[in-house]
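Number of protein chains: 2
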Amino acid sequence: MPVRRSAAAAATSPPVPRSRLDVDARRRQLLALGTALFGSRPYDEVSIDEVARTAGISKGLLYHYFPTKRDFYVATVREAAAELVARTKRPEQMMDPLERLRTGLDAFFDYVAEHGTAYENLLRSGIGSDTEVAAILDETRETFSTRLIEKLAVRDDLGRLALRGWVGFVEAATLGWLGSRDRVSREALRDMVIRVAIDVVKSLERKS
Amino acid sequence: MPVRRSAAAAATSPPVPRSRLDVDARRRQLLALGTALFGSRPYDEVSIDEVARTAGISKGLLYHYFPTKRDFYVATVREAAAELVARTKRPEQMMDPLERLRTGLDAFFDYVAEHGTAYENLLRSGIGSDTEVAAILDETRETFSTRLIEKLAVRDDLGRLALRGWVGFVEAATLGWLGSRDRVSREALRDMVIRVAIDVVKSLERKS
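Residue numbers (my numbering), protein chains in the order written: chain A, 47 to 254; chain B, 47 to 254.
Errors might be hidden in some of the hints.
Derived, one-sided and incomplete: chain A residues facing chain B with beta-carbon distance under 10 angstroms [what the hints assert, rightly or not]:
1) V120
2) A218
3) G222
Sample of chain A residues with no beta-carbon within 12 angstroms of chain B, all distances over it, derived [to be verified]:
4) V69
5) R72
6) L77
7) V97
8) V123
9) E125
10) A128
11) E160
12) H161
13) I182
14) G205
15) A219
16) L235
17) D237
18) R252
Chain A is nowhere near these chain B residues, computed Cβ spacing over 12 angstroms in every case [stated by the list, open to error]:
19) V69
20) T100
21) E125
22) E145
23) F154
24) D156
25) A159
26) R193
27) D202
28) G225
29) L250
Just so you know, these hints were derived from the structure itself, not from any lab.
For each residue, glycine too, the CB sits at the ideal point set by N, CA and C.
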């Protein structure tokens, strides 16, 4: 998806000669900047003027890459989601379900530990809801969770709700952990959410 | 809290003679209208003009009760949270923990079934986060969950994270259920989240 957007941006680029790589590199630079800004401050406190100034480009060029501030924000969320999914790619090849779950969760907690405030801002409720942001989150949750607990990804409707529930458990516990990292080790948190996953799977098996 | 705001509003009321009851009744009417509007459409699509027109009052009078659109929105969230908490008040007196949990969850699902879209809009992620809305939600979650599972409300840090996690499980599974109400009964969902609560409590007991 990002590639296609960059290509579109390149097609309508300003007259300055600009290689394809330039456009992609610029886009990556802007996304990294956006992730840093939106991740550390509320959305309303980040201005397009400030982004352009910090990036050392004109507002016009910034709008060329991202037509509105909202588009810019959504693109940073999409980028962050893609990074999280990429990090948990490896566990898919693992045969042992428990090892896969543990490795995937470690990758997740690494990610959250690095992007604490951004993760918090993204998941905390805002004013009203946003369809596009919600859709990116839902898709990421599904990809992430079915990779981790294939067994729970049953075709059964109650099983699907249980899987969503478990992801909600991990997210809520993680948000709580970000505020008490000095008192609860990452390993203790990880082992707890693994126990919950195992209990949920067992409980669904007993039911069916 | 709402009483104090109404009193303040009454003190600076327009010159038209207006009884205390009038002010409170008007405030309640506006909050009910706001809940209906914000609950059925995204925040950005609700305008103060429309609210005033629908309520049959001037924009000036509306701003008198709620200085900004955001204040108005936050007040409707606060009102909804207070209603949810009030509904789960009874279980507190119950001695049997399982009965308490079941009754509290039934009240919660009644509430969600009534306010489906509003509940979804509130919990779905938006553009950026809002400190005040997040604080209301966190407080409601804590009141609600400690009422339901007193046993989980341990002073232990990991136990606290488990309680937060379980609330996240209930919320995520409930959001999923709103989209599959025709295929999963409320009782099946309720029994599942109860089993998870029991498993979490047991697992924490084994650990300590």
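Discussion item. Which constraints among the numbered hints does this structure fail? Numbers only, ascending.
Written reply: Hints 8, 13, 14, 15, 16, 17, 18, 27, 28 and 29 contradicted; others consistent.
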